[in-house]
Amino acid sequence: MSLADLFRQLSLLIGAPAVVLAGIGAVLIVVPRDWRAVLFGYALVTVMLSLLLSQVIPAEWALQQVIAGGLVAVMLFMSARQLRTPAHLARPRSQQWPRMASVTTFRLLAVGLAAIGFVAVREGLSLPNISPLFRDAILWLGVMGLVGLALHEEPLHAGLSLLTFLGATQLVVFTLIQRRMLVGLLQGGQVLLGLAIAYLVLAHGLAAPPAAQDEPELSVFGGEAP
Amino acid sequence: MIAGPVLLLGLLVVAAVALYILRRFESLAAIIASGLSAVIAVALWRLPLTVPTILVGRPVHLGRPFMWEDVSLQISPASRALLVFLFATAAVTFILAWRTYQGRTFYPFGMLLLAIWGAVVMLQPLTYTPMAVVLAAVLSVFLIQAGKAGETHGAWRQLLYPTLAVPLFLIASWYIDQAPLNPDDQDPYRIAGWLLIAGFVLLLQPAPLHVAFPAVASQAPPVVAAFLWTGGQSVTLFLLQRFLVTYPWLSEAVDSASWLLWLGVFTAVLAGALASTRQRLGRMVGYAALYDYGILIVALGLRGTAGLPTAIWLLLTRTFSLLTMAAGAAAIRHYMASDQFERIRGAASRLPWAVIALIAGGFGMAGLPLTAQLPSRWALLQLVAENDRRWALLLLLGALGVVIGVIRAGQACFGELKFSPVERAPRALTIIAFLLVAAGVLLGLFPQLLTGPVAAVILPLSILEP
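These protein sequences, in sequence, are chains A and B. Each residue of the first sequence is one higher than the one before, counting from 72 in our numbering. Each residue of the second sequence is one higher than the one before, counting from 120 in our numbering.
By construction, these hints were calculated from the structure, which means they are not laboratory data. For clarity, every value in this text was computed on a predicted model and none was experimentally measured.
Each pair of labels, with its calculated beta carbon distance range:
(1) L512(B) / V145(A): 55 to 63 Å
(2) Q153(A) / P545(B): 31 to 39 Å
(3) P163(A) / A557(B): 53 to 61 Å
(4) P88(A) / M186(B): 39 to 47 Å
(5) A186(A) / R309(B): 25 to 33 Å
(6) I140(B) / Q153(A): 22 to 30 Å
(7) P299(B) / T175(A): 46 to 54 Å
(8) S377(B) / M72(A): 52 to 60 Å
(9) W378(B) / G188(A): 26 to 34 Å
Cβ-to-Cβ under 10 Å is the rule here; a few derived chain B residues that face chain A:
(10) W187
(11) V190
(12) L287
Here are some chain A residues the structure puts well away from chain B; computed CB gaps all over 10 Å:
(13) T175
(14) F177
(15) S202
Glycine included, C-beta positions come from ideal geometry on N, C-alpha and C.
Modelling step: build the complete structure from the supplied sequences, incorporating the hints.
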């Protein structure tokens, strides 16, 4: 089966279902605390973005989105797994990674308000050469990315919110500009960004809880504390 | 024939790999990194761009472009000037980092960072260059975090804004391509102008987007932070200059000069106010550097015949002050095991030259007499006052804030040692601190020493090609 055939088989999803699923994935990145749900949300966004991108750029190029997103998800999964040590799990839940800056209800409320804003402005927004379906996807993913960036300083959630925002902008950029080099550069950049985020997830997660300062020093890159 | 960019970037990547392998031998790594940077700076300065030369038996054409599909890399006279500055700064910084214990991974990562900054200044098309800036920010994450577990604010904030800027530049490039299709319609230029200015605000990170500054200053090793600021900001400002020259309509479409002036003045005033009230050395250094950065943005906003030379002059002199201040702060932070004002008491008795470097560098950032910054700052204030005296007054108020912050930091270093015994600073550190302070005073007394380098940069910048 060729790549084009594969995308043809998934044609049922391409269109409104892909936008809806990507939107749900973005909400999963912003709202839940659990890292598994967050990573699942990111995987969903990545796959749906790839399906949507296949409408504006060749399928082989669109597939790069899945590959780059998959690599990022694997790196983040490995970082998260490294943090699940018995010593870490023995801590009270409030001191376990990921430590959030807000409660889930608040984040849900923020997403609800963003949804109201989305409904209010979507008709008034016009983007050049962008179909209404893509416009909705771009607007929702962009808003969710920014809401996530505003609500989180914890690197896993904030980093994936940033990648979600970049996903939205990729829909715009690749609709307007179809160049192989640009696709390669942006997807390669996404993987490197994922690497930096995975490193920060580890650095943040290995931090000692406020009461105890005896956590091992992170030495992935062999650096020394000043 | 080997193209200059390939040789330069290839050499830096190979050096970075070698330095990573040698990182446990820190003295050797520092000397190699510094020596190589100095050799590259001299070679770039001396070798001709227009004709091929023979290097190690191979023909090399420094000015020859390297092309790959849509993108190309080329060393132009203007980019050569900046590259010489970056490598010369790196040569000094690597030695400083070695004697102030900034972490041994700084040398390989620093080399890679130089390669990426080099790519930014050589890259075409211009609208792709912010992607390379993001790559530099990704690498900075590892330098800022420096293997420490804990707070990640500094590294994260350093990464965030450049990443958000990239799509703006790419969408602007589409509008720029569309504009010639309908010459009567000015909307594409206007929209592209706003997108580019928004992108540059995110790249420049003036106040109120300055949050990365204090976070990096308190988290990263001070000399590493100074290196990131010196290199990253000079590259971004060079990029802005390239955009303004390449797209002349940009100045009219959004009145970029006015924007830069306002942002620069606001940044300087806010940073000065915040520097005066900090309780930690790192943050005070961060806000002092931010004040100075605001001044640099103001200089670039003035443009015209005098604005650009003043900006280049400021760029050179601020590097001395910033590195002097950072070296002092790094030594104090290392030996006193803290940078809180209440915990560095007694530093002056054990680390006198580090404290002098901190104060001299800090006063340099404020532009006080007997520092490298005074002549360039004085020239800038005169230019600003010609436009509006109130702006000059505001900049002086900001400088007052920095002076208060530095005096408070210096005052905190005096008195008897309060905490555990602190060893005396090694002789090498004392000599380095002394040399930096002396160089600053010398440049303050004889500013004409920089006339040659400034003139060498202005000419290529004035004929900067798209």
